Each structure stands twice: as C-alpha cells, then as structure tokens.
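Start from chain E and add chain R according to the hints.
Respectively, the protein sequence lines represent chains E and R. Heads up, the first sequence is in numbering that gives the first Met the number 0, so the first residue is 0 and it goes up one at a time. Heads up, the second sequence is in numbering that gives the first Met the number 0, so the first residue is 0 and it goes up one at a time.
Don't read these hints as lab results, they were simulated from the structure. Hints should not be assumed to be uniformly reliable.
Claimed, not checked - Label-pair ranges, simulated between beta-carbon atoms:
| # | chain 1 | residue 1 | chain 2 | residue 2 | range |
| --- | --- | --- | --- | --- | --- |
| 1 | E | Lys70 | R | Asp146 | 25 to 35 Å |
| 2 | R | Phe172 | E | Asp192 | 18 to 28 Å |
| 3 | R | Gly41 | E | Lys70 | 57 to 67 Å |
| 4 | R | Phe172 | E | Asp117 | 18 to 28 Å |
It should be emphasised that the depicted structure is a prediction, and the values quoted were computed from it without experimental measurement. C-beta atoms are modelled at their ideal positions from N, C-alpha and C, and glycine is treated no differently.
Residues per chain are reported as follows:
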Amino acid sequence: MKLIVAARTDQGLVRPNNEDNFYISEENGLLVIADGMGGHASGEIASKMAIDIIRDYFDNIIGEKEKLIGKYNEEFSETTNRVGSAVRLANMAIHEASQSNPEWQGMGTTLDAVSLNDKRLSIVHVGDSRVYLVRAGYIEQLTDDHTLVHEQVRRELLTKEEAEVSDMKHILTRALGIREEIDVDLDELTLADGDILILCSDGLSTMVPDDDMLSVVTLVNDPAAACETLIDMANDNGGKDNITVIVAYIRKSNWVSYLLKLLQWFRR
Amino acid sequence: MAKILLKFKDAVIKDLPLEKEATTIGRKSENDIVIDNIGVSGFHAKILKEGENFYIEDLNSLNGTFVDGKKVSKSILNSGDVILIGKHTLEFISEEHRRDEGIKAPIRGVSMDETMVIDPREQEKILTSTEKLEVLGGFIIIEGSTDMGEYELKERVTTIGKDESAGIRLKGFFTPKVAALVNRRKECYFISPSGKKPLKINGEEVTQRYDLKDGDIVEVAGIKLQFYLKE
Chain E
0 MKLIVAARTD
10 QGLVRPNNED
20 NFYISEENGL
30 LVIADGMGGH
40 ASGEIASKMA
50 IDIIRDYFDN
60 IIGEKEKLIG
70 KYNEEFSETT
80 NRVGSAVRLA
90 NMAIHEASQS
100 NPEWQGMGTT
110 LDAVSLNDKR
120 LSIVHVGDSR
130 VYLVRAGYIE
140 QLTDDHTLVH
150 EQVRRELLTK
160 EEAEVSDMKH
170 ILTRALGIRE
180 EIDVDLDELT
190 LADGDILILC
200 SDGLSTMVPD
210 DDMLSVVTLV
220 NDPAAACETL
230 IDMANDNGGK
240 DNITVIVAYI
250 RKSNWVSYLL
260 KLLQWFRR
Chain R
0 MAKILLKFKD
10 AVIKDLPLEK
20 EATTIGRKSE
30 NDIVIDNIGV
40 SGFHAKILKE
50 GENFYIEDLN
60 SLNGTFVDGK
70 KVSKSILNSG
80 DVILIGKHTL
90 EFISEEHRRD
100 EGIKAPIRGV
110 SMDETMVIDP
120 REQEKILTST
130 EKLEVLGGFI
140 IIEGSTDMGE
150 YELKERVTTI
160 GKDESAGIRL
170 KGFFTPKVAA
180 LVNRRKECYF
190 ISPSGKKPLK
200 INGEEVTQRY
210 DLKDGDIVEV
220 AGIKLQFYLK
230 E
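Excised from the complex, chain E in its bound form (with noise of 0.2 Å):
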C-alpha cells in the first residue's frame, strides 16, 4: 500500500498566529499533526518541537539507545510501538523545555502520528486533533478526543447535544508536555485499496461536520485540492481555530503505479 498525501495549514479568521504544524512523508508513509497551546506564542513552539522530534526520530537522526521510552506494548506491532516511543520523546523535551524558560511555562501541544507499513496502520494519539477513516461511503473517527466533554459523553454525564454547546469543549485532558510522563493512546488498522485518511486540527472539526468532510474527499479525489476546499469550509463556517488537515489517499501499489512513477521521473 502507498500514500498519496497532501497536507495545509491555515490561521483562521479569528487568531493571532498559527499554533498548528504537521509533517508528511509518502516514503516513510508518516503523517503527523500538532495543534499546539500556551501563552507567549508557546504553543506554536511546543507543536513544531513535537513534529521535529517525531521527523527526526524517523530519520534515525536520534541514537539508537534512545529509541524505546516508555513500556514495549506487546499488543500493538514494533512500528506502533516506535511511533509510540517517538511521541513519549516529543513529550519528555517539550516538557524539558518548558521547566527551563519561563516564558514556555504550561506550553503543550495535542498530537497524532500515523504511520503505515504495508498494510497495517499504526495509530498514536494525545488531545483533540482526529484521525478518519473514510471507506465505503462511511467516514468513521478513529480516536477518542481527549478532552473534558467527551470523557462526560462517555460517562453519560452529558449528552451529546449538551456537549455541542458546552463551553468547555476546549479543555483538554491530555496533552504532550504538561507533565513529565504522558499516556498515549494506541491503535492498529488493517488498510484497504481506495481507503482515505484525514487527520486534522480542530479548527476544522469543530467548523466542518463530519458528514461534510466525507463528501469533500471523496468527490475531489485529489489530495492537495481536497484539503484546500476542507481549509476555505472552515473559514465560510467562521474559521474560529488555526486550520491544519492531512488527507492520505491509500493505494495499492502496482505495477501501473511503478510506471507511472517512472514517468513521472523522465518528465524531470
């Protein structure tokens, strides 16, 4: 399976600056999003230490004997868990960082990395970005937000509809680099030709209904294009967040699409 990703990100309407990053590789099949928080522009500094550390850690730029943080996962694959250890990095430096400058104090940022290794998709996630899945027509959230309102729904001490409204859906109960260890979430999926991922910040969950996301992705058919018309809803809507989507068109890879690569490499 490969990926054909494209990826945006966009201030909104309302904010000062732009507090989201995001790191897409097709080679390393790696997707990642930030949305960071914090006083002194500390947010944007915290989502671009998570996103650097997470590259970097892919690129074998950091030593080997660093590489497992935290407990091995024997449920989840060797990928999952390197994802997992990459995550528990980010969230020890930023931590790291904002005990030592006063300014950075509190900073965090929410995160989602996914990576694919042939088939097999691996999911880490901490905060209120999403991933999707988007398969047969359906478009199904596959992470739980970490936030204060959807642990309520869970918990049945609030309905969804309340939920909507509420004016706490900004809190977080999760987030990398406010404490020194972090619990991130886990997750495995089998992907399948003609499958479509979408992670983003919730500056476009909150201002695009799900139901909407679906249709973009699946009538534009095209990465790049997809994200541009999700960002330009978002704004229509009010665009009341920074705005970052990734959308992942999963493709088997074939033997059309080696020659298709290849002419693309003689049209250089």
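What follows is chain R alone, placed relative to chain E:
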C-alpha cells in the same frame, strides 16, 4: 470561603461562614448553629473541615440528618448540597468545590475559547468513577465460506468482503469487495451495509447503521454470522 445558608421554608434565616475545623449544629445554645426546634436534637450534627473538603457528620440524632434527601451518618459536602435537619434546611456553598463548575476555579481569567489542559486531580472531581467497561465482540460463522470460523473484532473498522485486506474475508466470484463494515466504539459495535448486496439482521433487511446486540444473526453476501459480546 465556604458557608452555610440556614433556611426555613425557603426563607434564608442566616448566612454563616464556615471558619472553624468543626461547626456544631443543634438545639442547645452551646452549638455554633442553633436551631431552636423540637425536632432537632440537643447536639444534632457537625460540619467538619478536613483539608480542602467539608463533611457533615450526624451525632446520633433522633430524627437524623439528610443530604439531598438521603439519610447520612457522615458525608462529603459539595457546593449546592442541601442538608435537612428537622424542618430546617442548610445549604452548603463553597467557592472551591462548585460541583458543576468545578474546573472554572483553576483556570479563571482565561478565555474559554483557548485550548487548555486540566490537572488529572481536577478531572477526577468532575468525572467521578462511572467509567464503563470496554467490551469485546466477535462473529462466529454459521454458514458460508470464509477464511476462518471465528473472528474477534478488535479494530475500529472491520470490513466484511472479498477485499484482500478485509478483516472478515469472503470467497466467491460474485462477492463484493466490501459487503458491510463493522465499527467498534468503546461501549458498542454497529454494522453498516455497503454496495448492492442486502444486509439482513435476524432475518430483516437493514439499510442503515445498526447497533449490534449479543446473539444477533447477520446475513450478508451469502454468509451467515452470529454476533457475540463479552466483557
């Protein structure tokens, strides 16, 4: 600052700050809060301050002490709790422990539009321990040709179909790549039809998402499966 509003038939009689470690309530004049009523024992109950928390303790009174309608011997007080002693009510009000707005206290002065994280200890106060158990479900194949006889549904989305990466992989020339999708949520599973093949649950065709229950019989693309759930 925590305080007690002493009321009789909805009229506030007194507004009493809770400053001491122990505040006694009773009919006799030695008490901090005196309620001169025949239904109240001489030394009826006391409110204890332990660290951040306040407790009401009944002192073996004849008619008992009630918090929000329940008889208590000792009970933690949350802001807004109503204590009933005789015919009087004592409303407990605390800035620090406002149950409904508990998390506003630590983040006061910050716009609610900003994203922020709260401390796990604060979370516990708001979320209480009502977490549901995660369930695991699966299918047992009753009829039809599949690659296995039984499937556990561990992934968030499992495909039933001929597709090579389908979780429940079907054979047969006319079988669609994706016949149905099964979604796993923390507390439930549901199935949605896909493509042109009809999906039947317990003999009846479904056209949209269906919440699976233990024992449901699913028929799709020439196979028959039984759904099970275990805790």
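Each hint, compared with the structure:
| no. | hint | in the structure |
| --- | --- | --- |
| 1 | Lys70/E - Asp146/R: 25 to 35 Å | holds (33 Å) |
| 2 | Phe172/R - Asp192/E: 18 to 28 Å | holds (19 Å) |
| 3 | Gly41/R - Lys70/E: 57 to 67 Å | holds (59 Å) |
| 4 | Phe172/R - Asp117/E: 18 to 28 Å | holds (27 Å) |
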